[in-house]
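*Asks:* Now for the letters of each chain:
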Amino acid sequence: MVEGLVAVIVSHRDVLSEIDGAIGDGDHGINMAKGFTLCGEAMKGKTLSLAQAFDTLSDALMEGIGGSMGPLYGSLFMGMADSVRDKAQLDAPAFLAMLQQGLSELQDISSAGVGDKCLMDTLIPALAAFEQALQRGDDFSGALAQMKQAAADGRDSTRDLVAKIGRASRLGERSRGVLDAGAVSCCLLLTTLAEATERRLQTVAA
Amino acid sequence: MNRIINDPDHVVEDAIQGYLQAHPDYFTPTDNARVLKYPAAPVSGKVGIVTGGGSGHEPAFLGYVGKNMLDAVAIGEIFSSPTAGAFLDAFKAADGGAGVACLYGNYAGDNMNVKMAMKKAAAAGIAVKTVVANDDVASAPASEIDKRRGVAGEIMMWKVGAAAAAKGYDLDGVIGAAQKAIDSCRSIGVGLSSCTIPAVGKPNFHIDDGKMEIGIGHHGEPGIEVSPIQPASEMAATMLDFILGDMPLAQGDEVAVLVSGLGATPVMELYIYYGEIARRLAARGINVHRRYVGNYFTSLEMMGVTLTIMKLDDELKTLIDMPSQSLGLTQVE
Chain X
1 MVEGLVAVIV
11 SHRDVLSEID
21 GAIGDGDHGI
31 NMAKGFTLCG
41 EAMKGKTLSL
51 AQAFDTLSDA
61 LMEGIGGSMG
71 PLYGSLFMGM
81 ADSVRDKAQL
91 DAPAFLAMLQ
101 QGLSELQDIS
111 SAGVGDKCLM
121 DTLIPALAAF
131 EQALQRGDDF
141 SGALAQMKQA
151 AADGRDSTRD
161 LVAKIGRASR
171 LGERSRGVLD
181 AGAVSCCLLL
191 TTLAEATERR
201 LQTVAA
Chain S
207 MNRIINDPDH
217 VVEDAIQGYL
227 QAHPDYFTPT
237 DNARVLKYPA
247 APVSGKVGIV
257 TGGGSGHEPA
267 FLGYVGKNML
277 DAVAIGEIFS
287 SPTAGAFLDA
297 FKAADGGAGV
307 ACLYGNYAGD
317 NMNVKMAMKK
327 AAAAGIAVKT
337 VVANDDVASA
347 PASEIDKRRG
357 VAGEIMMWKV
367 GAAAAAKGYD
377 LDGVIGAAQK
387 AIDSCRSIGV
397 GLSSCTIPAV
407 GKPNFHIDDG
417 KMEIGIGHHG
427 EPGIEVSPIQ
437 PASEMAATML
447 DFILGDMPLA
457 QGDEVAVLVS
467 GLGATPVMEL
477 YIYYGEIARR
487 LAARGINVHR
497 RYVGNYFTSL
507 EMMGVTLTIM
517 KLDDELKTLI
527 DMPSQSLGLT
537 QVE
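Going line by line, the protein sequences match chains X and S. So the first sequence is residues 1 to 206, counted in the working numbering. So the second sequence is residues 207 to 539, counted in the working numbering.
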């Protein structure tokens, strides 16, 4: 699952930097790819539990790249690792708890929220959609589909926002009209998590 | 863009090796490849002075490691905060048992990484306190002063904080002096061209020929306005007006002035500019007690200049006059 996260970020290195270039300094993809590559190298040849793999990713981001994304994504994956540490199986409630604990850890270091033009615009509605789908009685797979859609909508919503946080916030109105790079990378990560989880569900079903 | 590099993704690592080879008198490596310390650090019983920030601002940040200057520095990627681990290791390298003053700039990444490093330092029994520089008048109105960026005024903050530590101030005293230093500083920049992050490979933004961007940040953050380029005399007057509008100075006040190039502007032009600033301050009856002109806090190959004015009182004068040695700033007498 974490190998998939590494692959999707590394393969989107230039796209993410391109998006960041519009209102940031154009290195989001470069820094993210650097951290995720470090994680890939650290995991190579090892058999790790999901919690250990998330730990490895969190350490690689926090210790390997710094910037804003190191502590933000590092905290997210640290929270997710802690949540799944004692879980033998990732069922729907466990998946929800994993996202919730990741978000909670992230919110310990950042006060950003929906509407600030950042990764929270993807993460928060995606988590809410997953939770609501479960409450409505959707199955795990259906809830993951809802989450993916909400993540994509959240990502796209950043196009019309004015940045309120980070370096892009200095642009004011000029930050409107382009996507936020963090919201895009967050959507890639959540979508990849969802798809890897779906594949596991199908394997089990088969 | 023609560059003297090996691999655009490894410019920071390669530069650190060059610094170590060139200046063993200023730098000792630590177990963390992204942390350098002054050879004499830590000094037992002295408050350690630490900063950290993204690379690409040379000689900041590592160029201010030295005698009566910084004890250790955490080094980030180009324009990107060092990791929490690097800040923590810099605290450890600088701690002589009297605690550490972490004096850094107001950027989201630095704030988060320092905060995380401080948690771990507390667990390790190291007392760390911070001052966050916010001297850039163009980055937020006076009513939101805590949102302002730290720019070249950071150098004055380090100089004063380090002098206080060298004189034997305790941690609270050092923090108080450094806070007073940055509260007494106002800065503004003018950009004339873009910089290029090596790994990105193309300019971060664009300024048309014949234009200048007033209030630009030292990562190329947009300024307050883009206007036709002015002669040095008018540029100096425009920038001085922004600073004096924010921190009024009266006849008889004493100041330190720091004029820094952004990396690509010839030093000759910095002196043309300084001459205009000095003339205007003299006309207002303001006494320049110290002046610094050169490339002190740069933005890769950006063209342009930043102006920092620090209003002095007796304590700040004593501290800023203290002799010091570092690559970026050496002061005798």
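Among the clues, some could well be false.
Here are the simulated lysine to any residue pairs, SDA-like style, with alpha carbons at most 25 Å apart [as the list claims (entries may be wrong)]:
#, chain 1, residue 1, chain 2, residue 2
1, S, K321, X, D160
2, S, K335, S, E475
3, S, K321, X, E3
4, X, K164, S, N317
5, S, K326, X, A51
6, S, K325, X, D160
7, S, K325, X, Q107
8, S, K373, S, E521
9, S, K353, X, D160
10, X, K164, S, D352
11, S, K325, X, S104
12, S, K335, X, S111
Calculated directly from the structure, the hints in this document are not laboratory data.
*Asks:* Which hint numbers doesn't this structure obey?
*Replies:* Hints 1, 2, 3 and 6 are the ones this structure does not satisfy, whereas the remaining hints hold.
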